[in-house]
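K.L.:
Here's the letter readout for the chains.
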Amino acid sequence: MIENRPWLTAVRHLVLILGIIVIGLPIWIALVASTNTSASFVSGVMPMWFGEEGLNNFRRVLTNEGRVLGVGVSASWMMWNSFIMAMVIAIGKITISILSAFAIVYFRFPFRRTCFWMIFITLMLPVEVRILPTYEVVASLGMLNSYAGLTIPLIASATATFLFRQFFLSIPDSLAEAARIDGAGPMKFFKDILLPLSVNNIAALFVILFIYGWNQYLWPLLITTDENYYTIVMVIKRLMTAGEGNVPWNIIMTTTVLAMLPPVVVVLVMQKFFVRGLVEQEK
Amino acid sequence: MHDNVVFNNKVLPYFLLAPQLVITLVFFIWPAGQALYQSFLIEDAFGFSREFVWLDNFIYLFSDDEYWNSIRVTFVFSGLVAFSGMAVALLLAAMADRVIKGATTYKTLLIWPYAVAPVVAAVIWWLMFNPSIGILAFLSWTLGHQWNHYVNANEAMAVVVIASAWKQISYNFIFFLAGMQAIPRSLIEAAAIDGSGPFKRFWQIVFPLLSPIAFFLLVVNVVYAFFETFGVIHATTLGGPGNATRTLVYKVYEDGFVGLDMGSSAAQSVILMILVITLTIIQFKFIERKVQY
Chain G
1 MIENRPWLTA
11 VRHLVLILGI
21 IVIGLPIWIA
31 LVASTNTSAS
41 FVSGVMPMWF
51 GEEGLNNFRR
61 VLTNEGRVLG
71 VGVSASWMMW
81 NSFIMAMVIA
91 IGKITISILS
101 AFAIVYFRFP
111 FRRTCFWMIF
121 ITLMLPVEVR
131 ILPTYEVVAS
141 LGMLNSYAGL
151 TIPLIASATA
161 TFLFRQFFLS
171 IPDSLAEAAR
181 IDGAGPMKFF
191 KDILLPLSVN
201 NIAALFVILF
211 IYGWNQYLWP
221 LLITTDENYY
231 TIVMVIKRLM
241 TAGEGNVPWN
251 IIMTTTVLAM
261 LPPVVVVLVM
271 QKFFVRGLVE
281 QEK
Chain F
1 MHDNVVFNNK
11 VLPYFLLAPQ
21 LVITLVFFIW
31 PAGQALYQSF
41 LIEDAFGFSR
51 EFVWLDNFIY
61 LFSDDEYWNS
71 IRVTFVFSGL
81 VAFSGMAVAL
91 LLAAMADRVI
101 KGATTYKTLL
111 IWPYAVAPVV
121 AAVIWWLMFN
131 PSIGILAFLS
141 WTLGHQWNHY
151 VNANEAMAVV
161 VIASAWKQIS
171 YNFIFFLAGM
181 QAIPRSLIEA
191 AAIDGSGPFK
201 RFWQIVFPLL
211 SPIAFFLLVV
221 NVVYAFFETF
231 GVIHATTLGG
241 PGNATRTLVY
251 KVYEDGFVGL
261 DMGSSAAQSV
271 ILMILVITLT
281 IIQFKFIERK
291 VQY
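Those sequence lines, one after another, are chains G and F.
By UniProt numbering, the letter at position 60 of the first sequence is numbered 60, and the numbering carries on one by one without gaps.
By UniProt numbering, the letter at position 275 of the second sequence is numbered 275, and the numbering carries on one by one without gaps.
Read the hints as simulated data drawn from the structure, not as lab findings.
Remember, it's a predicted structure, so these values are computed and weren't measured experimentally.
Errors might be hidden in some of the hints.
Facing chain G, according to a computed beta carbon distance under 8 angstroms, are these residues of chain F, among others [as the list claims (entries may be wrong)]:
{"no.": "1", "residue": "Pro-31"}
{"no.": "2", "residue": "Tyr-60"}
{"no.": "3", "residue": "Phe-62"}
{"no.": "4", "residue": "Val-123"}
{"no.": "5", "residue": "His-234"}
{"no.": "6", "residue": "Met-273"}
No farther apart than 27 angstroms at their CA atoms in a straight line, the calculated lysine-lysine pairs in the DSS-like style are these [what the hints assert, rightly or not]:
{"no.": "7", "chain 1": "F", "residue 1": "Lys-107", "chain 2": "F", "residue 2": "Lys-200"}
{"no.": "8", "chain 1": "F", "residue 1": "Lys-200", "chain 2": "F", "residue 2": "Lys-101"}
{"no.": "9", "chain 1": "G", "residue 1": "Lys-272", "chain 2": "F", "residue 2": "Lys-101"}
{"no.": "10", "chain 1": "G", "residue 1": "Lys-191", "chain 2": "F", "residue 2": "Lys-10"}
{"no.": "11", "chain 1": "G", "residue 1": "Lys-272", "chain 2": "G", "residue 2": "Lys-191"}
{"no.": "12", "chain 1": "F", "residue 1": "Lys-107", "chain 2": "G", "residue 2": "Lys-272"}
{"no.": "13", "chain 1": "F", "residue 1": "Lys-10", "chain 2": "G", "residue 2": "Lys-188"}
Across the chosen pairs, the derived CB separations fall in these ranges [as the list claims (entries may be wrong)]:
{"no.": "14", "chain 1": "F", "residue 1": "Val-219", "chain 2": "G", "residue 2": "Arg-276", "range": "18 to 24 angstroms"}
{"no.": "15", "chain 1": "G", "residue 1": "Val-42", "chain 2": "F", "residue 2": "Leu-25", "range": "33 to 39 angstroms"}
{"no.": "16", "chain 1": "F", "residue 1": "Glu-66", "chain 2": "G", "residue 2": "Pro-6", "range": "55 to 61 angstroms"}
{"no.": "17", "chain 1": "F", "residue 1": "Ile-29", "chain 2": "G", "residue 2": "Thr-63", "range": "24 to 30 angstroms"}
{"no.": "18", "chain 1": "G", "residue 1": "Asn-228", "chain 2": "F", "residue 2": "Ile-29", "range": "28 to 34 angstroms"}
{"no.": "19", "chain 1": "F", "residue 1": "Leu-209", "chain 2": "G", "residue 2": "Arg-59", "range": "51 to 57 angstroms"}
{"no.": "20", "chain 1": "F", "residue 1": "Val-219", "chain 2": "G", "residue 2": "Leu-8", "range": "52 to 58 angstroms"}
{"no.": "21", "chain 1": "F", "residue 1": "Val-76", "chain 2": "G", "residue 2": "Ala-10", "range": "33 to 39 angstroms"}
{"no.": "22", "chain 1": "G", "residue 1": "Pro-110", "chain 2": "F", "residue 2": "Ala-87", "range": "48 to 54 angstroms"}
{"no.": "23", "chain 1": "G", "residue 1": "Val-22", "chain 2": "F", "residue 2": "Phe-52", "range": "52 to 58 angstroms"}
{"no.": "24", "chain 1": "F", "residue 1": "Val-11", "chain 2": "G", "residue 2": "Leu-141", "range": "25 to 31 angstroms"}
Think of the CB as a built atom: it goes at the ideal place given N, C-alpha and C, for glycine as much as any other residue.
Produce the entire structure from the sequences given, and follow the hints as far as they go.
P.N.:
So, in structure tokens, the structure goes:
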């Protein structure tokens with residue numbers, strides 16, 4: 001038994017509470033700012049307590065009343081775009097990764113290693129380092145300003161393939177052997193045995209990939225010029241540069257709250273899967 | 001490996017791999033090749049003429065003071081983001097490790113910033129440090145310092161570092177905590193019986209055992225700071241004041257999409273790719289080594 005030191009326990013709690021306050025401060029600021037008038041941000045110190053304008057601000061931003069966002073589309077529409085982007089990326093990545101991991105682990109075929117390495121290379125090249133050529137490819141395919149252009153180039157994922165591969169390798173051989181003796185074909189084995197076993201991994205990956213998709217910034221910024229395809233995360237920056245000296249902070253913060261809400265809810269609701277999934281990624 | 005038990009099918013595996021391979025080829029390998037090819041060309045801004053110039057783009061870059069400045073800025077920025085994010089996370093994980101009451105609540109309240117987009121984090125911190133109305137600028141003013149990240153290079157750097165590191169704390173925290181909880185209790189108990197106090201135990205047992213995780217996190221954080229913080233810079237400092245926060249990724253974007261200097265931007269992409277590949281190999285070597293333990 002390790003000794004019990006009450007003062008040390010007290011220090012632990014104190015540091016943790018302090019940490020939570022410091023980490024939570026930006027959210028407090030954003031929430032408070034979203035309930036105040038723009039006049040409260042003109043001079044003096046910014047408001048630190050809730051105002052009366054909350055409902056009003058959220059209504060104006062969600063409906064883009066009086067072009068408050070400086071673009072032709074409302075925040076609710078842009079959140080819908082972000083949602084489509086996040087869902088297509090998450091589901092698409094999981095689908096194509098689980099299929100390719102299945103092929104790599106359970107089949108022997110020429111160029112198997114080459115395929116594995118080609119997929120692995122994608123892990124090394126984040127979109128940020130090859131933005132211009134990727135943009136040119138997407139433009140030449142006529143995919144600018146479309147949901148396809150927003151999602152498909154980001155859908156190949158070495159990380160997810162790697163994760164599923166590791167997981168499949170940990171499944172006992174006897175399962176596949178038994179399935180084969182019973183006369184089940186590969187796709188039946190995949191559907192009836194592998195897929196149910198992978199539910200936890202899929203859930204964990206979904207959280208990570210949904211957040212990845214929702215939070216994309218550079219990519220939508222490059223390939224959308226049509227306001228109908230703007231996402232909620234990228235519009236924030238446009239608001240910042242709207243009018244120097246007279247930045248509508250209450251509107252910006254209302255938009256940031258809306259931009260944070262869906263991914264934070266996903267993390268909190270699926271916390272258990274998410275934490276396990278993250279830690280497993282490293283293995 | 002499943003060497004004995006495999007399905008015999010000549011065509012199916014290619015069908016299963018096809019979607020992944022097609023996307024990889026079209027959106028990863030082809031653009032990467034394009035970048036490599038363009039890095040050897042000089043093209044005018046309208047694409048009317050191009051000339052093959054061998055390594056001129058690279059030679060020009062490495063003789064350009066601005067590029068060296070950008071390299072320096074990127075390393076300082078990444079170092080600070082990785083170090084501060086990991087230090088705070090380690091402290092919080094060490095505190096949370098042995099807490100029993102309220103452990104779940106603490107964890108929940110510490111992990112959600114993972115979900116916040118870097119650009120969103122940046123905008124909120126930018127407001128808090130706003131020289132005329134920000135609460136943190138006001139606090140610094142009461143301490144006798146006039147905060148202004150529009151003018152002061154170090155202060156601009158501080159804001160983007162804080163915003164980027166803040167978001168990473170939860171990620172680091174999850175890994176450090178998982179690592180600490182995997183340390184056998186008997187080790188700690190043995191040390192306690194031998195009479196070493198909690199601080200000595202942390203530095204002599206827990207900390208060394210965490211070093212593989214710390215190394216893994218270091219690479220992850222550096223990669224994050226290098227490549228995923230474009231939004232942080234783009235939404236706030238725009239690389240300024242002067243060139244104080246112009247990181248390599250931001251410069252690639254600026255030279256390519258604003259300056260329309262294709263050759264230079266492609267050459268910078270190639271340098272970044274080499275950098276990422278090096279980092280990934282280091283990380284991979286490390287994972288392999290750990291597996292052998």
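K.L.:
Enumerate the violated hints, using their earlier numbering and listing them in ascending order.
P.N.:
When the structure is compared with the hints, numbers 2, 3, 15, 17 and 20 turn out to be violated.
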